[in-house]
Structures are given as C-alpha cells and as structure tokens.
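*Asks:* Line by line, the protein sequences give chains G and B.
Using this note's numbering, you'd call the opening residue of the first sequence number 51 and step up by one each time.
Using this note's numbering, you'd call the opening residue of the second sequence number 51 and step up by one each time.
If you're looking for bench data, these hints aren't it; they were derived computationally from the structure.
Hints are not guaranteed to be accurate.
One copy or two, it doesn't matter: identical chains are merged, so the pair holds either way.
Claimed, not checked - Okay, derived cross-link-like pairs now, DSSO-like style, lysine-lysine, Cα gap no bigger than 27 Å in a straight line: (1) 243 <-> 226; (2) 243 <-> 220; (3) 348 <-> 380; (4) 350 <-> 307; (5) 228 <-> 243; (6) 154 <-> 105; (7) 154 <-> 118; (8) 154 <-> 307; (9) 380 <-> 154; (10) 349 <-> 226.
Model, not experiment: these values are computed from the prediction.
2 protein chains.
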Amino acid sequence: MNVYEERRDKVYTWMAEEGITLVMFQHTEDQRDPAIRWMTGFPGEALLFLVCEEKKCMLVPWDLNLAKVFAHADVLSPYNDFDRQPLKAITGAALYFGLPLGTKLEIPPATPYPVFLHYVEAILNFDVICRSGGVHEEVEALRAVKDAEEIGVYRQVSAITNELIELLEKQVRAGKLKTEGETALFIESECRKRGCEGTGFETLAAGPGRSFGIHPFPAYTMGDFAAQGLSILDFGVVYLGYTSDVTLTFAREPLTKPQERLISLTERAYRIALSFVQDGMPTKRIAAEVDTFFNNAKKKMPHALGHGIGLEAHEFPALRNRADNAWTLKPGMVFTLEPGLYDPLHGGCRLENDILLTEAGAEILTNARIIRL
Amino acid sequence: MNVYEERRDKVYTWMAEEGITLVMFQHTEDQRDPAIRWMTGFPGEALLFLVCEEKKCMLVPWDLNLAKVFAHADVLSPYNDFDRQPLKAITGAALYFGLPLGTKLEIPPATPYPVFLHYVEAILNFDVICRSGGVHEEVEALRAVKDAEEIGVYRQVSAITNELIELLEKQVRAGKLKTEGETALFIESECRKRGCEGTGFETLAAGPGRSFGIHPFPAYTMGDFAAQGLSILDFGVVYLGYTSDVTLTFAREPLTKPQERLISLTERAYRIALSFVQDGMPTKRIAAEVDTFFNNAKKKMPHALGHGIGLEAHEFPALRNRADNAWTLKPGMVFTLEPGLYDPLHGGCRLENDILLTEAGAEILTNARIIRL
Chain G
51 MNVYEERRDK VYTWMAEEGI TLVMFQHTED QRDPAIRWMT GFPGEALLFL VCEEKKCMLV
111 PWDLNLAKVF AHADVLSPYN DFDRQPLKAI TGAALYFGLP LGTKLEIPPA TPYPVFLHYV
171 EAILNFDVIC RSGGVHEEVE ALRAVKDAEE IGVYRQVSAI TNELIELLEK QVRAGKLKTE
231 GETALFIESE CRKRGCEGTG FETLAAGPGR SFGIHPFPAY TMGDFAAQGL SILDFGVVYL
291 GYTSDVTLTF AREPLTKPQE RLISLTERAY RIALSFVQDG MPTKRIAAEV DTFFNNAKKK
351 MPHALGHGIG LEAHEFPALR NRADNAWTLK PGMVFTLEPG LYDPLHGGCR LENDILLTEA
411 GAEILTNARI IRL
Chain B
51 MNVYEERRDK VYTWMAEEGI TLVMFQHTED QRDPAIRWMT GFPGEALLFL VCEEKKCMLV
111 PWDLNLAKVF AHADVLSPYN DFDRQPLKAI TGAALYFGLP LGTKLEIPPA TPYPVFLHYV
171 EAILNFDVIC RSGGVHEEVE ALRAVKDAEE IGVYRQVSAI TNELIELLEK QVRAGKLKTE
231 GETALFIESE CRKRGCEGTG FETLAAGPGR SFGIHPFPAY TMGDFAAQGL SILDFGVVYL
291 GYTSDVTLTF AREPLTKPQE RLISLTERAY RIALSFVQDG MPTKRIAAEV DTFFNNAKKK
351 MPHALGHGIG LEAHEFPALR NRADNAWTLK PGMVFTLEPG LYDPLHGGCR LENDILLTEA
411 GAEILTNARI IRL
C-alpha cells in the first residue's frame with residue numbers, strides 16, 4: 051500500500067462510519083483543495099471521487115497528460131469528457147461505480163449556495179450533502195497531523211529553508227542584496243536550485259518604509275531592503291509539495307527607541323508562545339497568552355499568532371485567540387509561531403518559525419531570527 | 051467624482067433598480083474578489099459594504115495602515131474590530147448605517163452553503179440574500195467592459211509586455227536565457243524595473259520536455275528552456291492592478307513534422323479566431339469555429355479559447371464553446387485569444403495575445419508570437 055492509498059484508507063474508514071457512499075473533492079480555479087494532491091499525488095486541477103464500499107477512487111483531471119505523469123489513482127477520467135462541469139462529473143462517477151438511487155453523495159462544504167441549489171435541482175436520483183463537519187473537514191483534520199512521510203519531507207524543506215536563511219544573512223551583510231526585488235528573486239532562484247517546486251506564496255520583502263504593512267503591497271518592489279530601520283522578509287519554499295513559512299526581520303542600526311521596543315516585545319512574545327507548545331495545549335490559550343503580553347505593553351498584534359502549514363501555506367491547526375478556535379496541539383502537527391507588531395512611523399517587526407510537535411515536545415524546525423546589522 | 055466613485059455610482063443605480071439596500075463584497079484569503087479594488091483602489095484583504103440610499107460605502111480592511119495609504123472609501127472600519135468575522139461586520143455595518151429591520155442585505159454568491167445557513171440563523175432582523183444574477187455578477191459584467199481609465203492602463207501594461215517580449219526574444223537568441231528559471235526570473239525582475247506590481251500569475255515556462263502540459267508542473271524549473279523542439283512561455287505582468295496575459299512558443303529547429311503541424315494549426319486557429327472578433331459576436335461562436343477547425347484536423351484543444359483579463363488573470367467575458375456561455379463581445383472588452391495544442395511526445399504549442407475591442411474593431415494589444423530559433 052503506497053502512502054496515498056494509506057491516506058485514502060483512513061478516509062474510507064471514516065466514510066463507512068458516517069454512512070457516506072461517494073465523496074467529491076474539487077481542486078479547480080475557483081475552489082482550491084490540496085486534499086486531492088494529498089490523496090493521489092496529483093498537483094493539477096481535478097476532481098476526485100472516493101467510493102467507500104469498493105474503496106476505489108476516480109481522478110478527473112483537467113490535464114490528462116500531466117495526470118499520467120503524477121497521479122496515483124484507481125481510475126483516470128478526463129474532466130473534458132464532462133465539459134469541465136462538476137455536476138456532469140458527479141453523475142458520471144455515480145454511474146461508473148453503479149451506485150444505487152438514493153445514495154448519499156457528499157460535495158465540498160466550500161460549494162457556493164447558488165451552486166448547491168443547482169446541484170439539488172439537477173441531481174434528483176441521489177441525496178446531495180453539503181455540510182460543516184463532513185468528510186472534507188475530516189480530511190483537513192487528518193492533514194493537520196503529519197504522517198511519517200510528511201515529517202520526513204518537513205525535515206528536508208526545513209534544511210533548505212535554513213540554508214537559505216544563512217545565505218540571506220550573509221548576502222545582506224555583504225551588501226549584495228540591496229533591494230526588496232533582489233532579495234525576493236534570490237530566494238526564487240536559490241530554492242529551485244535545491245530542488246524546490248517554488249515558493250509557497252509570493253515572498254513579502256518590505257524595506258523600512260513599507261514594513262508597517264502586515265502583508266505589504268506590492269509584495270516586493272525595487273525599493274531599498276535592509277536599510278536603516280526595520281525590514282521584514284516573509285517567505286516559504288516548497289519541497290515535494292510542502293511549504294515552509296518563516297519571517298526574518300533585518301534591523302539596521304541606529305534604531306529608534308520605539309524600534310528597539312518592537313524588537314524586544316516581539317522576541318519576548320515568541321519565547322512566551324514557544325513555552326506553551328505541548329501536547330494537548332489548546333492553541334487559543336497560547337494565542338491568548340501572547341495577546342495579553344502585548345496588551346500589557348499597550349500594543350496590539352493585528353493578526354493570528356500562527357497557523358498549520360503543509361500542502362498549503364495556511365492550514366490547520368489554527369493558532370488564534372478567537373472563541374471559535376477549538377484546536378489543541380497533538381504530536382505530528384507542524385505550525386508557525388509568528389508574533390509581530392506594526393507601527394506606521396517606525397515600521398514593523400515579525401519573527402516566524404516552523405515548529406513540529408513530537409512526543410518529546412516542540413522541535414523548532416527553522417532558524418529565522420531578528421538580525422541586527 | 052473620482053473613478054472609484056463613478057464605478058460605485060453605477061452599482062448604486064443598479065441596486066436601487068433591484069431594491070437592494072446593503073451589499074457586502076468580500077476579499078479574504080478564502081474568497082477573493084478584486085471588485086473591492088475596482089471600487090475603492092484598495093488591493094488588500096477587506097470587506098466592502100455599499101448602502102444604496104445614502105450612496106455611501108464602508109471599507110473594512112484587515113490592515114488599517116495599508117488602507118489609509120491606498121483606499122478611497124467614505125468610511126474605514128478595521129476588520130479586527132469585528133474579530134475578522136464577516137457575520138459580525140455585516141451586523142456592524144447595518145447598525146452603523148441605521149438600516150431598518152427587514153432590510154435586504156446581499157452577500158457574495160460565492161458564500162458556501164454551510165456559511166449561508168449560519169448567516170440566516172444568526173441574522174434574524176434582516177433579509178439575507180445570496181443568489182446568481184445579483185449585484186456581484188452585475189459588477190463582474192461592469193468590469194468586463196473597461197472604462198477609459200482602465201483602457202489607458204491597458205495601453206501601458208501592453209507596452210511594457212511588448213517591451214519584455216522583444217527583450218525575451220533577444221536574450222533567448224543570444225543564449226542568455228537557457229533555463230526555464232532564468233527566463234521566468236528575468237520577467238519577474240524586468241517587469242518590476244518598469245513599475246509593475248509583479249506578475250499576474252506564476253510564470254509558466256516549459257522546455258521541450260514539459261511543454262505537453264497545459265499548465266506545466268512545477269510552473270518552472272531549472273531545466274532547459276528553448277532547446278530543440280517546442281517551449282512554451284506563458285506570462286502576464288501587472289501594472290496599476292491590471293494584468294496582461296500572453297504566451298510565446300519558442301520553436302528551435304530542426305522540428306519534427308508533427309511539431310511543424312502543431313505550429314501551423316495553432317497559427318491558423320489564431321487567425322480564424324481573430325477574424326470573428328467584432329461587436330455583438332457571441333464568444334461561443336468564435337470558440338466553436340476554432341474547435342471545428344481543430345476537429346477537422348483531427349486535433350482537440352483541451353482548454354477554452356480565451357477569457358477576459360483585468361484585475362484578475364481570468365475574468366469575464368468567457369470565450370469558450372460551452373452551452374452555458376452567453377457572452378457577446380462589446381467595445382471596451384479586453385480579452386485573450388489563446389489557441390493551443392499539446393502532444394505528450396512532440397510537446398505543446400500555444401499562441402496567446404490580448405485583444406481590446408474598440409468601436410473600430412479588434413485592436414491587438416500585444417505582440418506575442420511563435421518564435422523560430
């Protein structure tokens with residue numbers, strides 16, 4: 051059984067318990083879902099159908115040629131044969147697998163309400179289900195705890211990320227990366243030389259004049275990077291599908307007192323967060339500790355403390371101080387901690403690393419830091 | 051009245067005709083909608099509320115500092131004040147504008163079904179509407195016909211794109227861009243030097259061994275580009291928010307007969323498509339003409355003929371041969387024509403340019419071509 055079969059097997063088991071016969075996953079331009087890559091290895095646009103009883107899956111790729119190279123699936127059926135319409139493909143899959151009338155078909159919870167109405171009108175012979183707490187969320191929960199294969203990949207992507215961090219510090223210190231653009235393109239180029247698929251998201255490189263933005267706009271320009279004051283560099287590289295996500299702050303002296311305070315508070319918040327990372331800890335609690343620390347310093351962090359990473363740059367578990375966050379940490383989870391503070395006058399400061407929780411505790415995978423120049 | 055007010059004014063007029071009091075637009079991580087940028091200039095994550103009677107809008111940005119720099123809106127209200135939850139923000143906006151109970155509130159048609167149910171449960175005092183054919187689709191239709199400001203931007207982004215095309219040909223001929231990665235990073239760097247925000251999508255650079263993929267995976271590698279056979283380069287650059295989208299094919303001789311045929315058929319399909327571009331033409335018809343041409347040659351194009359471009363790389367009008375495509379061309383539309391054929395053995399060939407339809411007919415904005423080396 052290969053790793054994709056193992057993952058699908060977990061899903062079949064869950065489906066059987068819930069009495070769901072057929073599930074559709076959708077990874078298209080409008081509705082992204084890397085769960086298809088997780089279960090088949092195929093990174094392109096596609097639908098995926100899982101049939102519980104037979105434990106079979108049908109992949110419906112947009113690009114059949116590409117699927118033949120990458121996909122591990124029981125059946126391949128071109129999306130073009132269904133006019134690239136999920137509705138036609140569902141019906142086609144139900145027919146192919148000979149499902150009896152009245153069968154329960156679950157579609158993604160991201161399905162827009164008007165589209166759902168359309169499905170219900172058009173698919174009279176089956177029971178179409180679209181819900182929170184269904185198969186798709188179960189798959190997200192499964193993906194939140196990495197398996198041995200994925201942890202192996204994370205050690206590799208972290209090693210590459212750390213190599214880049216060292217290189218970046220060296221190049222910046224040597225005056226070889228002077229603009230946001232040079233810095234971002236250096237990462238694009240160097241990560242691919244090391245076998246990466248690319249970056250996990252558009253690199254955010256913000257010199258002192260723009261680092262006040264949580265996500266600066268544009269992501270990077272040809273303006274100065276790592277000049278006097280605070281510059282932020284937020285990037286991730288993707289290896290075998292999995293992305294890292296780190297943020298360095300470059301602090302070039304002399305710094306103002308408020309800038310020194312932003313650095314000191316961010317570093318302390320990071321240590322506080324890390325000290326709460328352990329098996330069974332509610333992530334809301336960790337985020338609340340950091341928020342309280344900042345509040346006591348009369349500061350406010352305008353974003354979440356962190357998030358899971360994997361095939362997506364943002365996945366579960368959530369690490370935020372919000373009533374609806376019920377996640378607790380478990381061994382196998384890989385996530386970021388990224389406290390940050392932003393001041394329109396003095397600039398921004400963020401420190402972000404990737405953490406793997408093991409049975410033995412927190413393992414800090416990446417070496418991002420606040421670098422004084 | 052600035053251009054954003056003019057655009058919002060068109061929307062208020064439509065809302066009044068339809069009896070809709072309040073509309074929410076959503077541009078967040080899960081649900082992208084550049085309509086907010088179109089109506090306020092703000093490119094970051096945000097919600098936008100339009101109130102018909104008062105002709106007022108409230109922008110709810112995630113990053114308030116960034117919004118103060120970029121946004122043109124009547125009211126700014128930080129998303130964090132609503133715990134970054136659309137549901138709380140809707141209620142907040144309705145209260146702020148003092149809307150009477152029972153008022154009709156329209157939310158995006160992309161709202162997932164389970165989320166819609168949640169809204170309906172939680173918002174008892176107002177009539178929550180989520181539908182096809184509502185305000186959001188009207189805004190998409192308005193955006194499909196570019197205004198004078200936008201056409202001006204398209205002349206600029208096309209000029210930059212054409213400059214890059216010439217440079218790319220020169221550099222490839224001179225042997226200075228030998229890998230997919232060098233070629234893609236050259237575009238990233240050169241476009242920003244010319245004031246672009248970045249690329250409109252991840253540049254697709256596929257050497258002869260990978261050009262069989264419609265969208266090769268990964269988008270680019272450190273492998274050979276423009277070596278013997280067919281290489282595809284699909285890119286767009288973004289200027290003031292608007293993206294171009296062109297595809298060059300580099301054909302390095304000697305070519306096989308099947309490769310020559312792919313080139314010849316693609317070029318002829320492109321000319322056929324262009325010959326049908328005129329005011330009032332159903333786009334389905336244009337795409338059908340190309341499909342018929344390819345079918346007669348015993349070939350099949352596995353993707354649509356083209357699509358509108360603008361603040362997104364793919365927007366309306368659609369140019370596809372599918373029953374549900376009811377778009378007709380109108381002056382002011384800017385769209386791509388991109389016939390292509392893909393062969394697992396001989397590679398792929400695509401030719402894509404950006405077209406503006408004016409009162410005088412088709413204006414080919416970009417100079418992409420199949421380049422023989």
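*Asks:* Any hints from earlier that this structure breaks? Give me their numbers in increasing order, please.
*Replies:* 3, 7, 8, 9 and 10
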